[in-house]
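Peer 1: Protein chains in written order, with our numbering: chain A, 1 to 258; chain B, 1 to 258; chain C, 1 to 258; chain D, 1 to 258.
Hints were generated in silico from the structure; no laboratory data involved.
Predicted, not measured: the structure shown is a model, and the values here were computed from it.
We treat Cβ as the ideally placed atom computed from N, Cα and C, and that holds for glycine.
Some hints could be false.
Quick list of in silico lysine to aspartate or glutamate cross-link-like pairs, EDC-like style, CA-CA up to 20 Å [said to hold, decoys possible]:
1. C/Lys71 x B/Asp227
2. D/Lys147 x C/Asp100
3. A/Lys147 x A/Glu214
What follows is a list of derived Cβ distance ranges for each label pair [said to hold, decoys possible]:
4. D/Gly66 x A/Ala68: 14 to 20 Å
5. B/Thr2 x A/Glu242: 46 to 52 Å
6. A/Arg67 x B/Ala68: 48 to 54 Å
7. D/Gly243 x C/Gln151: 43 to 49 Å
8. A/Gly128 x B/Glu170: 43 to 49 Å
9. B/Pro20 x A/Glu174: 37 to 43 Å
10. A/Arg67 x D/Glu93: 33 to 39 Å
11. D/Ser116 x C/Asp143: 19 to 25 Å
12. A/Pro196 x D/Ala109: 46 to 52 Å
Protein chains: 4
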Amino acid sequence: MTTQLTLIQIDNYGPWTVTPEPRREMDLQTLQSRLFADIAQFVGSRGGYVFFSRFDNMIAVTNGIGRAGHKSLQESVRNRYPVTVSLGIGTAETPAAALDAATEQIQAAGSAQDKSRTEVLAGEPLDGDADATTHMAHFDVNDATGKYTDQLNEFDSFIHIERSYASLMEYMREAHGALSFFVGGDNIIAVCPELPTNAYQDAIDHVEDDVGVELKVGVGRGATAHDAGYDAKHALEDCRYEGTAVEFEYPQAATGDD
Amino acid sequence: MTTQLTLIQIDNYGPWTVTPEPRREMDLQTLQSRLFADIAQFVGSRGGYVFFSRFDNMIAVTNGIGRAGHKSLQESVRNRYPVTVSLGIGTAETPAAALDAATEQIQAAGSAQDKSRTEVLAGEPLDGDADATTHMAHFDVNDATGKYTDQLNEFDSFIHIERSYASLMEYMREAHGALSFFVGGDNIIAVCPELPTNAYQDAIDHVEDDVGVELKVGVGRGATAHDAGYDAKHALEDCRYEGTAVEFEYPQAATGDD
Amino acid sequence: MTTQLTLIQIDNYGPWTVTPEPRREMDLQTLQSRLFADIAQFVGSRGGYVFFSRFDNMIAVTNGIGRAGHKSLQESVRNRYPVTVSLGIGTAETPAAALDAATEQIQAAGSAQDKSRTEVLAGEPLDGDADATTHMAHFDVNDATGKYTDQLNEFDSFIHIERSYASLMEYMREAHGALSFFVGGDNIIAVCPELPTNAYQDAIDHVEDDVGVELKVGVGRGATAHDAGYDAKHALEDCRYEGTAVEFEYPQAATGDD
Amino acid sequence: MTTQLTLIQIDNYGPWTVTPEPRREMDLQTLQSRLFADIAQFVGSRGGYVFFSRFDNMIAVTNGIGRAGHKSLQESVRNRYPVTVSLGIGTAETPAAALDAATEQIQAAGSAQDKSRTEVLAGEPLDGDADATTHMAHFDVNDATGKYTDQLNEFDSFIHIERSYASLMEYMREAHGALSFFVGGDNIIAVCPELPTNAYQDAIDHVEDDVGVELKVGVGRGATAHDAGYDAKHALEDCRYEGTAVEFEYPQAATGDD
Ligand SMILES: Nc1nc2c(ncn2[C@@H]2O[C@H](COP(=O)(O)OP(=O)(O)OP(=O)(O)O)[C@@H](O)[C@H]2O)c(=O)[nH]1
Ligand SMILES: Nc1nc2c(ncn2[C@@H]2O[C@H](COP(=O)(O)OP(=O)(O)OP(=O)(O)O)[C@@H](O)[C@H]2O)c(=O)[nH]1
Ligand SMILES: Nc1nc2c(ncn2[C@@H]2O[C@H](COP(=O)(O)OP(=O)(O)OP(=O)(O)O)[C@@H](O)[C@H]2O)c(=O)[nH]1
Ligand SMILES: Nc1nc2c(ncn2[C@@H]2O[C@H](COP(=O)(O)OP(=O)(O)OP(=O)(O)O)[C@@H](O)[C@H]2O)c(=O)[nH]1
Ligand SMILES: [Ca+2]
Ligand SMILES: [Ca+2]
Ligand SMILES: [Ca+2]
Ligand SMILES: [Ca+2]
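Model the full assembly from the supplied sequences, consistent with the hints where possible.
Peer 2: In C-alpha cells, the structure reads:
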C-alpha cells in the first residue's frame, strides 16, 4: 500500500506578485484559481486529485501519473501562464511521509523564492507494477444547511466550518499522518493510511468535543485517488441513508461496521 | 462610511453535486474555482473584491455595483454554467452588519436547498451619492518562505498558516465585526470598519500569543474595495521596507503611527 | 451615428509562438481561445461585442467603453497571461473607416512584430455625449441542420458555411463598408452602417447566386453593440416565425418591410 | 497508415441558444471558446489535436484515445457546462473517409436538433496495435506581418487570410481528402494522407494563382497528431531558414526535396 504525492509550487511567486508594482488582487485570485482548475482537470482526467491548499503550493495525489505526465503539465503551464511551476514527487506508506519526500525534492533544489530555481522536476514516481493503494475519507457536516447556512450570516457559518476543518486537519495529521483538505461547502477530503472504523469515529468525536460541529465520513480505497474518492462519496451517501457516522465502501476486517 | 456586501450563493448546490450520482470531485473543484475566477473578473473589473470563502457561498465587497450589474452577473452565470446563483445585497456601517443584511435577504426567500428558490436578487445597493468608504487590511506572515515553505513539508507549513488564519478571523470578527479571508500563500485580507493602529497591533499580538505566527499588516481605505485594497498592499510594502508591523496608507489621527 | 471599434493585437506574438522552440499547438489554441473568452466577458459585460477574427488580432465594438476601461483590460491581460496586448481605438460613420483609424493607431506605434512595441493604447474613444448608434445584422443559414449537419460529413457541412461566409464578408465590405464575422454554427454577425431592407436582400441574393447557400437576417440598432445585436436576434426570430428573409427590430422608413 | 477522427457535436445547441429568450452573444462566445479550450487541453495532453471549425461541431484527431477517454470527456463536459456533447469516432486511410464514418455514427443516432438524442458515444477507436500514422501539414503565409498586418486595416488583412484559407481548404479536400483548419494568425493546419512534395507545391501554387496569397508548408508524420504536428512546425521553421516553400521533417521517397 503506497501513495504517490506531488507538491506543485509556483516558482518565485511572492516577488512576482509585487513586481514592478503590487498586482490587482482580483487578477491574482483569478490566476490562482484558474491554475488550480487547470491542474484539477489535468490530474483529474488521469485519476488523480489535487487540493488547492495555499494555491501557491498545491498538493496532488498522483498514483499512476509518471514523469512524462508531470513534464507535460509543466510545459502546459509555462505555455499559458505568466508563471512556472516546480514539481516534487514522493512515495511512502503514509501520506505525510510521501509529502515529506516530495517537499524535500523541491527544497533541495533551492528556495521557493530563488530566482534561478525554475521548473524543478524531481523525485521518482511509483513504477507501474507497484501496489499503489490510496485511502480517501470524505467528511461532511451534518445538516450544514439547516444549522448554519439558512440560520447565520454567511461569515458565521463559515467560522463553524473553518473551526471543524482546523480541528480535524490537526487531529488527523497528528494521530495518523493523514492530510485533510477543505474542498468547499462543508466538505473535507482526507488522504489517509489504512485505518479502522474506530479511528474515524474517534476523529469525529474529537471534532465534536473540540468545536461542537458534527461530522460524518465515508471511506473508500482504490488504485487511484478518484477510485478511492468516488467510493468514499458513495459511502457518504450510505451514511445519509442509514443515518450513520462512518461508512466504508469496502469490506472491513474484524472492526468493520458494514 | 458604509460598506456594501453581496452574498453569492449557488442555488441548491448540495443536491446537484450528488444527482443522479455523486459527481467527480475534480470536476466540482474545477466548476467552483472557475466560477469564482469569473466572478473575480466581473467584480474586480468594477472595483470590487470577492472572496471564495466556502465556494458555494462567496462574499463580495460591491460598492459601486448596482442592481443592473448584479443582474447581469446572474445572467452570465446562467448562460455558461450548469448552476445558477442567488445574490443578497446588504449595506451597513460594519462589514458584519452588512453581511447580516445580505444573508437575511437570501434566507428570507427560502432555503439554500430549496428546489424552487432560484436566482434571488434582493437587497438595496447604496445609491450613487452615498458616502461609501471601505477599509481593507492586508495581513501577511513574516518570512513565511524562510520559516515554513523552505523548511517544513508543505502540509505542515499549511497548518501554521491555517492556524494563524483561524485565530485572526475569529478575533477580528469578535472584536470589530471585521471579515477576514485567506487569499492564498500567507495572505489574509480583512474587510474592516475604521480602526486605529493599536487595534491592528492587538490583533497581531493576539495571533502571535495564540498560535505563534508573526504577522504584519498594511491598511488602506477608499471608495471601492480595490482602491482600499491596493492602498493596503502599498502599506504592506512599507512594512517590508521599514521593518514595521502596522502601516496605514492614509494619514492617521492622534493614534496613527505614520 | 458613430461606431467605436477597438483593434486588439497580441504584441510580438509570432516570434513568441516559436521561442525558444515551437510551442505545442493545443496550448496555443487554449491560450488564444481563453484570451478571447476573457475579452468577450470583459467587453460583453460593458455592452460591447468582440470577434475572434484571427485570434492574434481581434476586433471589438466598444461604444461606451472609455480609456480607463481599455487600460484596465490591458492590465488584466498582463497579470494573467504570458503575452500582452496593444489596443487601437477608432471612431467613424462606417465600421470600415472606424477600423482604419483604429488599425493606424497601432501601426503608427510600430510593427506587430516589433519587440519593443508593447501595450500601445492609442486613439480617442467617443465622448460621453456623442450620438453613438450601432447597427448589427445577424445572418443565419436556413435549415442548416436539415440540409448540412444531418446530411454531410462535418467538414463538408463546414465548407458550405465557410463559402457563405467568404462570399458575404467580401460583399458587405465592398458594398457597404460593413464588417462581417463568423461566430460559430451557421451564424454571421455584421457590424453595419445604416442600410435599407433591399441592401440586406441584395446581400442574401448575392450569396445564394454565388455559392448556393440560403441566408436570412435580423437587423437591430442601439447605443451599444449588445443592444443592437440583441434586437437583431429578436428580428431573426421574427424571420423564423414569419418565414421571411429580412426583418428589422426597429421601424423602417419608406423602404422598410415590416 | 490509419487516422482516427472524432466528431464532437454539442447536443441540441441551436434551440438552447434561443430558449427561453435569445442568449447574450458574448456569453455564447465565451461558452463556445472555453469548451473548445477545455477539449484542446484534454485531447492535447493525450497527444491529439482538436479544431474549432464551427464550434458547435468540432473535429479532433484522436489516435491513441480509446472509448474510456472519450467517455470521460463527455462526463467532464456534462459536469461543468450547461450543454452536453455527442461523440462519433471514425477510422480510415484518408481523413475525409474517417470523418465520413465519424459523422455517420452520430447522424445514425438522430438529428443534431433532436431533443432526446444526447451524449451519443459511437464508433470504434483503433485498437492498440493498429498502425496509426498521421500526417500533418502546417501552412503559413509568407511575411503576413509585413504585407498585411502592418499595412492594411485589420479586416482587410483578415480578408486575405480568409481567402487563402477558403481556397486551400477546398483544394486539399477535393484533391486529396485532406481536412484543413484555420488555427489563427496566418496559420492553417491540414490533416493529410501521405502525399509527395509536388502535391504540396501544387496546393501552394493553386492558392497563389487563385487568390494571390503566398504560402509555405512544413510536413510531419507521427503516431499521434502532436508528434506529426510538432514535426510539421519544425519543418516550417526549416522553410523559414532555407527560404523554401515545402519541407518535410522525415525522409522523402524519390520525389522528396530534402
Ligand atoms: N466539494 C464538494 N462539495 C460538496 C459535495 N457535496 C456537497 N458539497 C457541498 O456541501 C454543501 C452542503 O451540502 P450537503 O452536505 O448536501 O447539505 P447538508 O445540509 O449538510 O445536508 P446533509 O449533509 O445531508 O446533512 C453544498 O452546498 C456543497 O458546497 C461534494 O461531493 N464535493
Ligand atoms: N493573494 C496574494 N498572495 C500574495 C501576495 N503577495 C504574496 N502573496 C503570497 O504570499 C506568498 C509568500 O510571499 P511573501 O509574503 O512575499 O514571502 P515571505 O517569505 O513571507 O516574505 P516577507 O513577507 O517579505 O517576510 C507567495 O507565494 C504568495 O502566495 C498578494 O498580493 N496577494
Ligand atoms: N453564435 C451563435 N450561434 C448560434 C445562435 N443561434 C444558433 N446558433 C448556431 O447555429 C447552429 C444551427 O442552429 P439553428 O440556426 O437554430 O438551426 P437551423 O437548422 O439552421 O434552423 P433555422 O435557422 O431555424 O432554419 C447551432 O448549432 C448554433 O451553433 C446564436 O444566437 N449565436
Ligand atoms: N496557431 C498558431 N499560430 C501561429 C503559430 N506561429 C505563428 N502563428 C500566428 O501567425 C502570426 C504571424 O506570425 P509569423 O508567421 O511568424 O509572421 P510572418 O510575418 O508571416 O513571418 P514569416 O511567416 O516568417 O514570413 C502570429 O501572430 C500568430 O498568430 C503557430 O505555431 N500556431
Ligand atoms: Ca453536509
Ligand atoms: Ca509574507
Ligand atoms: Ca440556421
Ligand atoms: Ca507567416
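Peer 1: Next step is simple, just say for each hint if it's right about the structure.
Peer 2: Hints versus structure:
no. : hint                            : in the structure
1   : C/Lys71 x B/Asp227              : holds (16 Å)
2   : D/Lys147 x C/Asp100             : holds (16 Å)
3   : A/Lys147 x A/Glu214             : holds (11 Å)
4   : D/Gly66 x A/Ala68: 14 to 20 Å   : holds (18 Å)
5   : B/Thr2 x A/Glu242: 46 to 52 Å   : holds (49 Å)
6   : A/Arg67 x B/Ala68: 48 to 54 Å   : holds (52 Å)
7   : D/Gly243 x C/Gln151: 43 to 49 Å : holds (45 Å)
8   : A/Gly128 x B/Glu170: 43 to 49 Å : holds (48 Å)
9   : B/Pro20 x A/Glu174: 37 to 43 Å  : holds (39 Å)
10  : A/Arg67 x D/Glu93: 33 to 39 Å   : holds (35 Å)
11  : D/Ser116 x C/Asp143: 19 to 25 Å : holds (20 Å)
12  : A/Pro196 x D/Ala109: 46 to 52 Å : holds (49 Å)
When each numbered hint is compared with the structure, no violation occurs for any of them.
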